[in-house]
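Student: As a plain string of letters, each chain reads:
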Amino acid sequence: MNNLYIRLYGLYQYRDLLKQLVVRDVKLKYRRSILGYLWSVLNPLMTMMVLVIVFSNLFRFDIPNFPVYLITGSTLFGFMSEATTMAIASITGNAALLKKTYVPKYVFTLARVTSSLVNMLFSMTAIIIVVLITKVQITPYILLAPLVIVEVYLFSLGLGIFLAAASVFFRDLQYLWGIFITMWMYLTPIFYPITIIPEKYRFWYYWLNPMTGYVSQFRDIVLHGQMPDVYSVCAGFMIAFIALLVGAYTFYRSQDNFILYI
Amino acid sequence: MDNSKVVIEVQNATVRFNMACERICNLKEYFIKVLRRDLLFQEFLALKNIDLTIREGESWGFVGVNGSGKSTLLKLICGILKPYKGTVKTYGQIAPLIELGAGFDGELTARENIFLNGAVLGHSEKFMREHFDEIVDFAELHSFLDMPIKNYSSGMAARLGFSVATMVRPEILIVDEILAVGDYAFQQKCQKRMQEMLADGTTLLFVSHSIEEVKKLCNNAMWLSHGESLMTGTSNEVCDAYMNSQTK
Numbered sequence: 001m002n003n004l005y006i007r008l009y010g011l012y013q014y015r016d017l018l019k020q021l022v023v024r025d026v027k028l029k030y031r032r033s034i035l036g037y038l039w040s041v042l043n044p045l046m047t048m049m050v051l052v053i054v055f056s057n058l059f060r061f062d063i064p065n066f067p068v069y070l071i072t073g074s075t076l077f078g079f080m081s082e083a084t085t086m087a088i089a090s091i092t093g094n095a096a097l098l099k100k101t102y103v104p105k106y107v108f109t110l111a112r113v114t115s116s117l118v119n120m121l122f123s124m125t126a127i128i129i130v131v132l133i134t135k136v137q138i139t140p141y142i143l144l145a146p147l148v149i150v151e152v153y154l155f156s157l158g159l160g161i162f163l164a165a166a167s168v169f170f171r172d173l174q175y176l177w178g179i180f181i182t183m184w185m186y187l188t189p190i191f192y193p194i195t196i197i198p199e200k201y202r203f204w205y206y207w208l209n210p211m212t213g214y215v216s217q218f219r220d221i222v223l224h225g226q227m228p229d230v231y232s233v234c235a236g237f238m239i240a241f242i243a244l245l246v247g248a249y250t251f252y253r254s255q256d257n258f259i260l261y262i
Numbered sequence: 263m264d265n266s267k268v269v270i271e272v273q274n275a276t277v278r279f280n281m282a283c284e285r286i287c288n289l290k291e292y293f294i295k296v297l298r299r300d301l302l303f304q305e306f307l308a309l310k311n312i313d314l315t316i317r318e319g320e321s322w323g324f325v326g327v328n329g330s331g332k333s334t335l336l337k338l339i340c341g342i343l344k345p346y347k348g349t350v351k352t353y354g355q356i357a358p359l360i361e362l363g364a365g366f367d368g369e370l371t372a373r374e375n376i377f378l379n380g381a382v383l384g385h386s387e388k389f390m391r392e393h394f395d396e397i398v399d400f401a402e403l404h405s406f407l408d409m410p411i412k413n414y415s416s417g418m419a420a421r422l423g424f425s426v427a428t429m430v431r432p433e434i435l436i437v438d439e440i441l442a443v444g445d446y447a448f449q450q451k452c453q454k455r456m457q458e459m460l461a462d463g464t465t466l467l468f469v470s471h472s473i474e475e476v477k478k479l480c481n482n483a484m485w486l487s488h489g490e491s492l493m494t495g496t497s498n499e500v501c502d503a504y505m506n507s508q509t510k
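Chains as they are written, first to last, in the working numbering: chain A, 1 to 262; chain B, 263 to 510.
What the hints contain is simulated information worked out from the structure, not anything from laboratory work.
Wrong hints could be hidden among the right ones.
Below, a list of computed lysine to any residue pairs in the SDA-like style, where the Cα atoms sit at most 20 Å apart [as the list claims (entries may be wrong)]:
{"hint": "1", "chain 1": "A", "residue 1": "K27", "chain 2": "A", "residue 2": "N43"}
{"hint": "2", "chain 1": "A", "residue 1": "K19", "chain 2": "B", "residue 2": "H385"}
{"hint": "3", "chain 1": "A", "residue 1": "K27", "chain 2": "B", "residue 2": "H471"}
Source: prediction; values computed, not measured.
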């Protein structure tokens, strides 16, 4: 317990470093592009339009307000995907720095996941635009949206620090993860309704893929304007904390050996 | 004897590396090696049973040929490396100058990098804002502040790195052969600043191949060879012994 306190105090001491790293990532992302931060809004909007055109003409699913259904799912999944992909390279990519100065190593991973969060918050503007255009009924439940974002943030962070530590020893993970994320995306109800999954597999579909729960909760809040399933929210937080514990433990156990492999 | 506070205590420290040639970086290689049963790591001891006690205000020089473990010892003291055996204890704030500007991001401007590098060294943003002018004055880079660091020459980047790192008066200053870049005037300026710090009671750990500099800045010295400590003593004695062995 005392140890945990020391670690948290360490994080507090390096909070300015965390801030500087996040600011760097966000600043550099669109530096020297003409539209700049506007891309954070334009990108999800345009991707959504392409998918709406493809899926409302080629493959038809009977989903009311398909644009909002799509953009809520893809934004949330995109956040997890970006955060974990960036986190994987956070230790190996900062090798030069880690070899020359002493800095708590997890700060880099935390910074990457946090900058993905900031990017996603920019992209929220795109969701708001689509919600307003399609005249979705907004209810007070929208105030619960940060809860879902916190769940996904903690889950991505746990997954991210696990992957960052593992990829120091197995670099192949960086490439394998790209494939895995694509597979995961198709296993998550982003552009199809959950109802196309046969009833008998649905239990596993929910339990083996935490993203299904997160995406459904987010849609309940934004699209259907209703209270998300409390049971699902509790399970979501549990999974997020388990991911965080496993990730932190793996990272903590292996971090002293990083320097020998980077 | 000397009663001043011990600031660095290295006891029986050994650092082990796995040889780079046996480093496994990908799965394919790993499985092949497992199947062929030659997953034997060749051990390499970069430091062997080093004992070192440094008291407050002392200045130590480390000499030895390339690959003798000087930088490894400094990294061990900074906390970048952990000892495989033995213990390392340090008391006080350390400013490591292992490589100048290690925390610089080439895409960011000098102004942004000063804040980033300061944060890497553990300073708060407020503190950096207060000392910003001081840093820029020392580095003499006023007209290049809003230029990305990637366009800087190595000497210019080193100037900036040195200014950021030595802006505070750290209790322990660790300097690893960094002053080779930078023009003569700047080198003199850096030396002057280090001497000022020493006069103020900072403990200095210094690695250089310039024996003259070691003699000038340090009172004590350690001679390392193949990861072992061959000799410790006053810098004049150790440097002379080292030079004699080299010129034979």
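Student: Taking the hints in turn, state whether each one holds.
Tutor: Against the structure, the hints come out as follows:
1. Simply put, K27 of chain A and N43 of chain A have alpha-carbon atoms about 17 Å apart, close enough for the 20 Å limit, and the pair holds.
2. For the hint pairing K19 of chain A with H385 of chain B, the CA-to-CA distance comes to about 12 Å; that is within 20 Å, so the pair holds.
3. Only pairs whose Cα atoms come within 20 Å are accepted, and K27 of chain A paired with H471 of chain B is rejected, the gap being roughly 41 Å.
In this structure, the one hint that does not hold is number 3.
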